[in-house]
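**Q** First to last, the protein sequences are chains F and X. Residues in the first sequence are numbered consecutively from 1035, following the working numbering. Residues in the second sequence are numbered consecutively from 323, following the working numbering.
These are computed hints drawn from the structure, not numbers from a lab. Beta carbons: idealized from backbone N, C-alpha and C, even for Gly. Check each hint, because a few of them may be wrong.
Only some residues are given here: those of chain F computed to face chain X with a beta carbon under 10 Å [unchecked claim]:
#1 Val-1075
#2 Glu-1171
#3 Glu-1174
#4 Ala-1354
#5 Thr-1397
#6 Ile-1468
Calculated cross-link-like contacts (lysine to aspartate or glutamate; reagent style DMTMM-like; alpha-carbon spacing at most 25 Å) [claimed, not checked]:
#7 Lys-406(X) - Glu-1306(F)
#8 Lys-1356(F) - Glu-1467(F)
#9 Lys-412(X) - Glu-1306(F)
#10 Lys-1356(F) - Asp-398(X)
#11 Lys-1082(F) - Asp-1388(F)
#12 Lys-1348(F) - Glu-1312(F)
#13 Lys-406(X) - Glu-1422(F)
#14 Lys-324(X) - Glu-1466(F)
#15 Lys-1341(F) - Glu-1229(F)
#16 Lys-406(X) - Glu-1466(F)
#17 Lys-1377(F) - Glu-1443(F)
#18 Lys-406(X) - Asp-1388(F)
#19 Lys-1350(F) - Asp-1065(F)
#20 Lys-1350(F) - Glu-1171(F)
#21 Lys-412(X) - Glu-1413(F)
#22 Lys-406(X) - Asp-1395(F)
#23 Lys-412(X) - Asp-1265(F)
Read off the chains here:
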Amino acid sequence: MKDIVRVASGQGFWGDSLEAPRQQVEGGEVDYLMLDYLAEVTMSILQKQKERDPSMGYARDFVGAIESVLPAITERGVRVVANAGGVNPPACAAAIAQLTASKGVAGKVRIAVVTGDDLLSRLDELLEAGHLLANMETGEPLSTIRDRVLSANAYIGSTPIVEGLARGANVVITGRSTDTALTMAPLRHEFGWGETDWDRLAAGIIAGHIIECGAQCSGGNCLRDWRSIPDLANVGYPIAEGAADGSFVITKHPGTGGIVSVPSVAEQLVYEMGDPREYITPDVIADFTTIRLEDAGKDRVRVYGIKGHPSTDKLKVSVAYKAGFKAVGTLVYSWPESLDKAKAADAILRQRLDRLGLVFDQTLSEYVGASATHGSLAESDGVRDYPEVQLRFGVRGPDRAAVERFTREIAPLVLNGPPSVTGFAGGRPKVEEIVAYWPALIDKSVVTTSVEMVG
Amino acid sequence: MKVRLLDIAHARSGDKGDTANVGVIALEPQFYPLLDRHLTVDAVSRHFHGMITGPVQRFELPNLNALNFLLHGALDGGGTLSLKTDAQGKVYSTALLRMVIDVSDEAAAAAGLAAREEQK
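Bound conformation, chain F alone (with noise of 0.2 Å):
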């Protein structure tokens, strides 16, 4: 058994650096490399390329990212876990192994492909047997919408990808695993953690939390003294450094920039959190109020005393449903008076759209670079007069030709509302369909992840 296991993120969400993969495996030792592309929009907008082309439905940048780390993986023995696969895993293992075997390496890379997460073609027959699939915050039941749901998906754990790392796997693509499971997995394959060791298994989990949205753990968007963070240029992706026992520490490549402090840290720890006593995944419950970072060096952070409790019997489903319509609209007005021009033109609008009858769920005006973000709040900031502020002007609604009419009156008001007014160089705003996120719980025994091996 190895001492120390080295788990290196090389993604924080899709769209993430393309970079930053390779220079994980390059900039110094790893034993595996972590790839996050699943946020909780992208399965839907997988799924509708899948409706396209049923070859597609998964992250293609993976794909880039697999070529650019070929020589670690065969040469070196890196091996990648990544939840690339999205909605459709086994095309993206068939592209993995079309890669590979162009590149003349296809026996040394072995892939394991994880399924069973997409409950898309067994909902029907799961509503039918009683399991409601109710919406988490709402409470309603999944038939209201279910003749608009284009993909749903079970957050699966560990268990599976642990299972691919044992049959020898070089890469194992999954589809909805949890993005804490990817850091958890190989932790537990390489310490041998049982099912039911807790603290481990949560102190994996955090492990992950850490350095599941890659630099945000690093210096990356970190508020604290964030004029002194180096070089972000050439921000360093983090590294967990796994030990038996549950500790790790948090690092980065030498010679990379940005920053791992116990404030970097801490700001990641907290980032999309809620009860800190319980973060459920479907492996276990960990206990945020029982981490302990401590400064361990230069861009060295450990992280020990971490709980856990025993798992749910539940596993947390995202679905994915059309909701309508939106557009947002925006116009720029310059000093003298640009907040009372923008609010002019605001009232203008609004009486121009009930005049045609228009009918939205919602409109929403902001006033960007006055308050669009912080509200009333920013009132105390006592400016009299902005040099600009923009009119941000959205509705939504289910009737695709009101919003569609709305998108016509914005650039009217160039030449018939207050004046000073220009940065309406994008032309119309665009109709977008809303794909909403619906979340919801099932039963874990509903569930049956599978692994196969390919290449």
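Go by the hints and put chain X onto chain F.
**A** Showing chain X alone in chain F's frame:
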């Protein structure tokens, strides 16, 4: 003395559906008691009055010198539904740090605040 949260804490926020979370972390361990005492559910609810439609929940993480707040109904439906610039609640963090708390002289002295002000 009046103390702005920005001067004694840092913060990060994120989203879960229509709920924003704000984690507030004391810049120095001795400031944590000030956060614990002054950032009550009532005080934070008043601070965000008119900006959120639901209740505020508070959780304590003394091990990180931090508090976590859940602001329900903060994101105009949240995620892809939201029409807001800050649809994912990323800067509710700094909005909370605008808050000014009124610290007693004793508590300020205990936290070493008066001395810090003089140093400036």
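**Q** Hint by hint, note whether the structure agrees.
**A** Structure-based check of each hint:
1. Satisfaction of the interface hint for Val-1075(F) is found here, the shortest Cβ-Cβ separation to chain X being roughly 6 Å, below the 10 Å cut-off.
2. Interface hint at Glu-1171(F): satisfied, since its Cβ lies 5 Å from the closest Cβ of chain X, which is below the 10 Å cut-off.
3. Interface hint status for Glu-1174(F): violated, as the beta-carbon distance to the closest one in chain X is roughly 13 Å, over 10 Å.
4. For Ala-1354(F), the interface hint holds, since its Cβ comes within 10 Å of a Cβ in chain X; the closest pair sits about 9 Å apart.
5. Contact between Thr-1397(F) and chain X, as hinted, is supported at the beta carbon level, the nearest pair being about 8 Å apart and thus within 10 Å.
6. Because the beta carbon of Ile-1468(F) sits about 5 Å from the nearest beta carbon in chain X, less than 10 Å, this interface hint is met.
7. Taking the CA atoms of Lys-406(X) and Glu-1306(F), the gap is near 18 Å; set against the 25 Å cutoff, the hint holds.
8. The hinted pair formed by Lys-1356(F) and Glu-1467(F) meets the criterion: a straight-line CA distance of about 7 Å does not exceed 25 Å.
9. A hinted pair counts as satisfied when its Cα atoms are at most 25 Å apart, and Lys-412(X) with Glu-1306(F) qualifies at roughly 10 Å.
10. Only pairs whose Cα atoms come within 25 Å are accepted, and Lys-1356(F) paired with Asp-398(X) is accepted, the gap being roughly 17 Å.
11. A distance of roughly 34 Å separates the Cα atoms of Lys-1082(F) and Asp-1388(F); the hinted pair therefore is violated under the 25 Å criterion.
12. For the given pair, Lys-1348(F) sits about 14 Å from Glu-1312(F) by alpha-carbon distance, which is consistent with the 25 Å threshold.
13. Our distance criterion of 25 Å between C-alpha atoms is met by Lys-406(X) and Glu-1422(F), whose separation comes to about 19 Å.
14. About 46 Å separates the Cα atoms of Lys-324(X) and Glu-1466(F), which puts this hinted pair outside 25 Å; it is violated.
15. A C-alpha spacing of about 14 Å is found between Lys-1341(F) and Glu-1229(F), which places the hinted pair at or below 25 Å, so the restraint holds.
16. Annotation: proposed proximity of Lys-406(X) to Glu-1466(F) holds, straight-line Cα distance about 15 Å (limit 25 Å).
17. Between the alpha carbons of Lys-1377(F) and Glu-1443(F) the distance comes to roughly 16 Å, so the proposed pair stays at or under 25 Å and holds.
18. With a C-alpha separation of about 21 Å, the suggested pair Lys-406(X) and Asp-1388(F) falls inside the 25 Å cut-off, and the hint holds.
19. Among the hinted pairs, Lys-1350(F) with Asp-1065(F) is inconsistent with the structure: their alpha-carbon atoms are about 30 Å apart, more than 25 Å.
20. Note on Lys-1350(F) and Glu-1171(F): the hinted pairing holds, with a Cα-Cα distance of about 12 Å set against a maximum of 25 Å.
21. For the proposed pair Lys-412(X) and Glu-1413(F), the alpha carbon gap of about 20 Å is at most 25 Å, so the pair holds.
22. Straight-line distance between C-alpha atoms of Lys-406(X) and Asp-1395(F) comes to about 14 Å, which keeps the hinted pair within the 25 Å bound.
23. Distance check on the hinted pair: Lys-412(X) and Asp-1265(F) sit about 23 Å apart at the alpha-carbon level, within 25 Å; holds.
Of the numbered hints given earlier, the model fails hints 3, 11, 14 and 19; all others are met.
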